[in-house]
Amino acid sequence: MKFLKYLFRILVGLFAIIGVLAVCAYWYLVSSEKYYISFGENEVITKEAEFVDLLKQSPFKADTVQYHFAIVQDSARAQEIRNYFKLDSLYSPDASTWEKALAISRFVATSIPHVDSSNLPEHRNAIDLWKFTKEENSGFNCRMHAILNYELMQAAGLTARFVTCMPQDKNDSDCHVVNEVWLPELGKWAFIDSDMDGHYCTDQNGTPLNLLEMRDKYAAGEQMLMYPGFKDATTKHDYYYCYMAKNTYWFSSWETLHYFQEDRADKDFEPGRYVNIVPEGFTPFGRSDDEIVTTDAKKFWTNPEQQ
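Residue numbers (the numbering used here): 577 to 883.
Quick caveat, the hints were computed from the structure, so don't treat them as lab data.
By construction, the Cβ of each residue, glycine as well, lies at the ideal position given by its N, Cα and C atoms.
One thing to keep in mind: the hints can contain errors.
[Stated by the list, open to error] Label-pair ranges, simulated between beta-carbon atoms:
(1) Glu-712 / Asp-670: 36 to 42 Å
(2) Thr-622 / Ser-672: 34 to 40 Å
(3) Ala-796 / Lys-710: 27 to 33 Å
(4) Ser-668 / Ala-625: 41 to 47 Å
[Claimed, not checked] Calculated pairs, DSBU-like style, for lysine-lysine (alpha carbon to alpha carbon, straight line, at most 30 Å):
(5) Lys-676 / Lys-764
(6) Lys-764 / Lys-793
(7) Lys-632 / Lys-793
(8) Lys-764 / Lys-807
(9) Lys-623 / Lys-874
(10) Lys-875 / Lys-764
(11) Lys-746 / Lys-874
(12) Lys-637 / Lys-874
(13) Lys-710 / Lys-676
(14) Lys-623 / Lys-793
(15) Lys-746 / Lys-623
Let the sequences and hints guide you as you build the complete structure.
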């Protein structure tokens, strides 16, 4: 009997030690400068100044790297997507480009929730992504949202793209993928996100901002308005505001965009090269040798027809 009591005390002691070690490991990861991925909303918000300071210290710079950004239209596929999703019913015929982009993005955001899952569809095109969510009764991640939203805007006759927004830290695997749409009425790109319930960003006058303008305003300490759900501006210390400060350090996008751009079912399709826009002196991580690396952000945000 004494032996069992002694053994019990030893086991209790071992479990206590294991518990202490687990708690210590957790706090080490949470407090580590290299472990952003596990951070919740409060932790991201507390690091806002750190993220912004990185942007201040890391400007882009003009260079002579050559590439040609292009978006390939397919009228037959565009018509198929318009009919399938009844896109014309989402906005009035005389709607502006931005009003159409908002209507389409709101449709995607409200129809499909954000889900981080390894169960991602092989067929990554607008119609099959939609079918996947209905058949699996599931949402999907930011990249699938952005691909779907890109194809819908493209089918609606808008010039759009999806862009991967990257953090500075190579140990931070939490990037974000969003859309941009070209607004001919304003002669500029505008950022729009159909994931995480939907967001866009404007300056104080209500003019939609693109990712480069957002990054510049972070670095300059200028106020922006964030619109979650595409309608309600939030304060500077909103989680999404800080989250995007982390993920606007550098950017990646395909040099040429098509329908079925990342549809893995077509093994013969060659998607082309990535264009990586990085700060001067920064080496992008997770990239292959054949990708384009440039510090000239201005070219990426000019009129796509003039590139």
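Here is how each hint holds up against the structure:
1. A hinted range of 36 to 42 Å holds for the C-beta pair Glu-712 and Asp-670, which are about 37 Å apart.
2. Separation of Thr-622 from Ser-672 is about 39 Å and conforms to the stated range, judged on CB atoms against 34 to 40 Å.
3. Under the hint 27 to 33 Å, the C-beta atoms of Ala-796 and Lys-710, about 44 Å apart, miss the expected range.
4. A hinted range of 41 to 47 Å for the beta carbons of Ser-668 and Ala-625 is consistent with their spacing of about 43 Å.
5. Taking the CA atoms of Lys-676 and Lys-764, the gap is near 16 Å; set against the 30 Å cutoff, the hint holds.
6. Pair hint Lys-764 plus Lys-793 holds up; C-alpha atoms about 16 Å apart against a cutoff of 30 Å.
7. At most 30 Å may separate the alpha-carbon atoms for a hinted pair to count; Lys-632 and Lys-793 meet this at roughly 10 Å.
8. About 21 Å separates the Cα atoms of Lys-764 and Lys-807, which keeps this hinted pair within 30 Å; it holds.
9. About 28 Å separates the Cα atoms of Lys-623 and Lys-874, which keeps this hinted pair within 30 Å; it holds.
10. Distance restraint check for Lys-875 and Lys-764: the Cα-Cα separation of roughly 12 Å lies within the 30 Å cut-off, and the hinted pair is therefore satisfied.
11. As the CA atoms of Lys-746 and Lys-874 are separated by approximately 24 Å, the hinted pair is consistent with the 30 Å bound.
12. For the hint pairing Lys-637 with Lys-874, the CA-to-CA distance comes to about 9 Å; that is within 30 Å, so the pair holds.
13. Taking the CA atoms of Lys-710 and Lys-676, the gap is near 24 Å; set against the 30 Å cutoff, the hint holds.
14. For a cut-off of 30 Å, the pair hint linking Lys-623 to Lys-793 stands: about 17 Å separates their Cα positions.
15. Of the pairs offered as hints, the one joining Lys-746 and Lys-623 holds, with about 17 Å between alpha carbons and a cut-off of 30 Å not exceeded.
Going through the hint list in order, the structure does not satisfy hint 3, though it satisfies all others.
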